[in-house]
Amino acid sequence: MVNFLIKRLVLLIPVFLVVSAIIFMIIHLVPGDPIDNIVQIGSTPQQKAALTAKYGLDKPLIVQYAIWLGKLMTGDLGEAIILRQPVSSLIAQNLPHSLILGSLALVFSTVVGIATGALAAICRDSWVDRWVMAVILLGSTVPSFWLGLLMILVFAVHLGWFPVSGARSWSALVLPVLTIGLGGVALVARVTRVAMMDISRRDFVMMLHAKGVPPWRINLQHILRHALLPVVTILSLRIGWILGGAVTIEYVFARPGLGSLLITSLNQRDYPVVQGCLLMLAIAVMLGTLLGDVVQALIDPRVRERTG
Amino acid sequence: MRYTAKAMLLSGSALLSAGLLSLAPGSTAMAQEAIFVMPVRDVGAPSYNPILGTRLNAATTLIFDRMVIQDADQSFHGQLATSWETSADGLSWTFKLRPNVKFHDGEPFNAATIVWWLPKFLGTENAFMTDAIDKVDVIDNLTVKFTMKNPDPNMLFNMASSFMGIPSPKSFDQLGDKFGVTGAVGTGPFKLESFVVGQQTVLVRNDAYNSASDLSVNQGPAKLKKITLREIAEDSTAFLELKTGGVDMLLSVPTDFLPRLSTEKGTKVVTLRGTEVYYVVINTSVEPFTDIKVREATGFAINQKEILASLFGGVGEEAHTFLISGLAEAKVDPKLLIAYDPARSRKALDEAGWVMGSDGVRAKAGTRLQVKLWTQSGTEFKRITEVVQAQLKAVGIGTDITAFDAATITAQYRKKTEHQLAVRVYSWANADILDWFFAGKRAGHPNHSMWVNATSEALNEKAMKGSRTWDERVANFRAYHENLLSQFVFAPIYQPVQNFAYSQARITMPATVRGTRLQSQTIVDIEKK
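Protein chains in written order, with this note's numbering: chain A, 1 to 308; chain B, 309 to 837.
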């Protein structure tokens, strides 16, 4: 298991380098310049040139990347050009909000997704199955931006149950969590349903039926348990998404978080902050994938043997 | 194994709950505060440092007082200065300062503060506002004299800028780069309690406040004890917050929200004269707009009246010059106003040799009059641009619309010859905006019109540096403005108003909103019911 983990971690190094280079190049190749957001009406072109030089933006791109990567290796994400704070402290301020929102959305989509998927599988080909799958299909196709506004209109404006926006109380978390979580429910439910239907056709399930084990016990203790393996894989891949998936939702609900920070910084082309946020999201995806591999290896010895 | 998993789940839940609880403020505090939503354009403003900052938000004037402030009629009123005078040659200004004023950190405000403050602008992006000041002398503890390098009749306008909020020297020097981010200390009616960029600013009342200008009814501390200014980037969300009682006031409301707000019971909308102008950039350096006739045709094809009525329900003003209508420099020779005249537009195109084609687009020597029309992302821009496209088509100018985000379009302008027409907006209440957008040295960006012309340059130079008095400055800028209008280097469209909305059930506003914007001079008079 230790060898497995070491191999996986070593593999992450080249992935990290490639991802960091792509992130750096993409943001610098997009038209726009943070200095345009600093210069005041009345400033001279010379003042702008001095500012460009001050932030090292006059250097060749490859040199800028080398400087950034060098600092990154020492844990320094740099200083925000527009926001004028260390990028690490901006991320530290916002990351907890995204983690709480994303974690709750993941928990919600896992619990509700597995429950509805199992229900649809148990009642397969019945009206329950068709109804559950239709709702799930709808949930997976509605854009989250639109769903968020719809949630606000129904639950905040008409029913008055929750605040419209912000992060001033725990109740302000409910609508964003539901909005993000519903998208995940659809995926988890579909995977659970398909996996359960597949497992239910296995020989050992026939044996259990022949032995007279009650159907509820076969479904919940045996089929669902085995069907969770692909669900765990899907969930591990969505760990990165719990941070990145909240970008538009944080905007709609005016919540703090990495998404809000990313959008604000992207609009102003605040390169160090955009790079820092994207890097965090990329690291979350990489660690999520690693965690998924580890969990799979823990659950299924065949995975360990194949890669160990 | 099972026990460990359960323990991990329990600790995870406990951590999560602790996190959630830490986000919830005390309910008592909420009952004492008014909650405002900042204008969308202020979202993401990074600091409250008036000297080094290049983007300040609406809370800045609540923390920092200025020497003078400007009223809606463009008159100036003392705040930290009680009176002022300038010499006949414009080469010196003397300001009397308000006595017994203290910063939030207890430090005194006096002549020594001004001597420390003004040199801080040297080398900063805001230096242009103090460039004309050669030196500052202390006459006595409450009197300072500015000796000028050259006359600057714009001195009072500059002194009234938000960037001229005066910080506490002690706190400014102590906090260094962190001033405005982790702390901000001025003499204003509110003290900064907390600030999270992109989220909110919490201000608490300065109980020792005694420097209100005569624009405020209340000459003592503000009536509100605490103000939370939230930053909400989505207008719809902000509107729904006001509707559901989540906030007490929106400091800015898009004009297209007015019909919906007017039907909301208990919500009052207040309208102030605007400081913005929408216009069409005409790139004078590329074909076919190197021909003044084509530029003239473009200008007179824009139906300002139709745009005002159909897109903005008649709220706002038609724009017929480059400057906001409240400025004296906007009162130009009526013959030079650019107002919808399709006959003149068609005639100009005919004279330029562009012949109407069967598809409704003109052509000349086998070249169709089909040009690029750029715009920025955002509903208002999109709607205006689509109407402009239709209006240009009506006279035979075909356009292809491309929408960019704000940062990208600026980068595109810098290429100088990529753009032909573009719909833009600016916000500024001074005629020196003409220098910013049309001076030859700034061709590309921000001189998107790429206007480089010797006569215009001379008129600009005279207006910017050759005016000794305010009246002279007005006359010089008016001449420069008229020159630009005569050359059709832009096409004016629309001048919006400023709207803000509040809950009548929770907020009592003063009878009159004073100043060019809703700022400290009015906010000190606001009461919570």
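Worth double-checking, as some hints may not be accurate.
To be verified - Only pairs whose alpha carbons sit at most 20 Å apart, straight line, appear in this in silico DMTMM-like list of lysine to aspartate or glutamate:
(1) B:LYS723 to A:ASP36
(2) B:LYS457 to B:ASP442
(3) B:LYS457 to B:ASP740
(4) B:LYS486 to A:ASP58
(5) B:LYS639 to B:ASP779
(6) B:LYS723 to B:ASP713
(7) B:LYS701 to B:GLU595
(8) B:LYS723 to A:ASP58
(9) B:LYS428 to B:ASP481
(10) A:LYS54 to B:ASP485
(11) B:LYS576 to B:ASP599
(12) A:LYS48 to B:ASP743
(13) B:LYS724 to A:ASP36
(14) B:LYS749 to A:ASP129
(15) B:LYS680 to B:ASP599
(16) A:LYS48 to B:ASP439
(17) B:LYS486 to A:GLU79
No lab work stands behind these hints: they were computed from the structure.
Now for the hints, and whether the structure bears them out:
Note on LYS723 (chain B) and ASP36 (chain A): the hinted pairing holds, with a Cα-Cα distance of about 14 Å set against a maximum of 20 Å. This hinted pair checks out: LYS457 (chain B) and ASP442 (chain B) have alpha carbons roughly 5 Å apart, not beyond 20 Å. Distance restraint check for LYS457 (chain B) and ASP740 (chain B): the Cα-Cα separation of roughly 19 Å lies within the 20 Å cut-off, and the hinted pair is therefore satisfied. Proximity of LYS486 (chain B) to ASP58 (chain A) is assessed by CA-CA distance (about 26 Å); at most 20 Å being required, the pair is judged violated.
Straight-line distance between C-alpha atoms of LYS639 (chain B) and ASP779 (chain B) comes to about 13 Å, which keeps the hinted pair within the 20 Å bound. Between LYS723 (chain B) and ASP713 (chain B) the alpha-carbon distance is near 16 Å, which keeps this suggested pair within the 20 Å criterion. For the proposed pair LYS701 (chain B) and GLU595 (chain B), the alpha carbon gap of about 18 Å is at most 20 Å, so the pair holds. At most 20 Å may separate the alpha-carbon atoms for a hinted pair to count; LYS723 (chain B) and ASP58 (chain A) meet this at roughly 17 Å.
For the hint linking LYS428 (chain B) to ASP481 (chain B), the alpha-carbon distance of about 11 Å falls within 20 Å, and the restraint holds. Only pairs whose Cα atoms come within 20 Å are accepted, and LYS54 (chain A) paired with ASP485 (chain B) is accepted, the gap being roughly 15 Å. Between LYS576 (chain B) and ASP599 (chain B) the CA atoms are separated by roughly 49 Å; this puts the pair beyond 20 Å, and the hint is violated. Of the supplied pair hints, the one linking LYS48 (chain A) and ASP743 (chain B) holds, its CA atoms being roughly 17 Å apart against a limit of 20 Å.
Using a Cα cut-off of 20 Å, the hinted pair LYS724 (chain B) and ASP36 (chain A) holds, with the two alpha carbons roughly 16 Å apart. With a C-alpha separation of about 70 Å, the suggested pair LYS749 (chain B) and ASP129 (chain A) falls outside the 20 Å cut-off, and the hint is violated. A hinted pair counts as satisfied when its Cα atoms are at most 20 Å apart, and LYS680 (chain B) with ASP599 (chain B) qualifies at roughly 16 Å. A hinted pair counts as satisfied when its Cα atoms are at most 20 Å apart, and LYS48 (chain A) with ASP439 (chain B) qualifies at roughly 17 Å.
Between LYS486 (chain B) and GLU79 (chain A), the direct Cα distance comes to roughly 12 Å. Compliance with the 20 Å bound is thereby established for this hinted pair.
In this structure, the hints that do not hold are numbers 4, 11, 14, in rising order.
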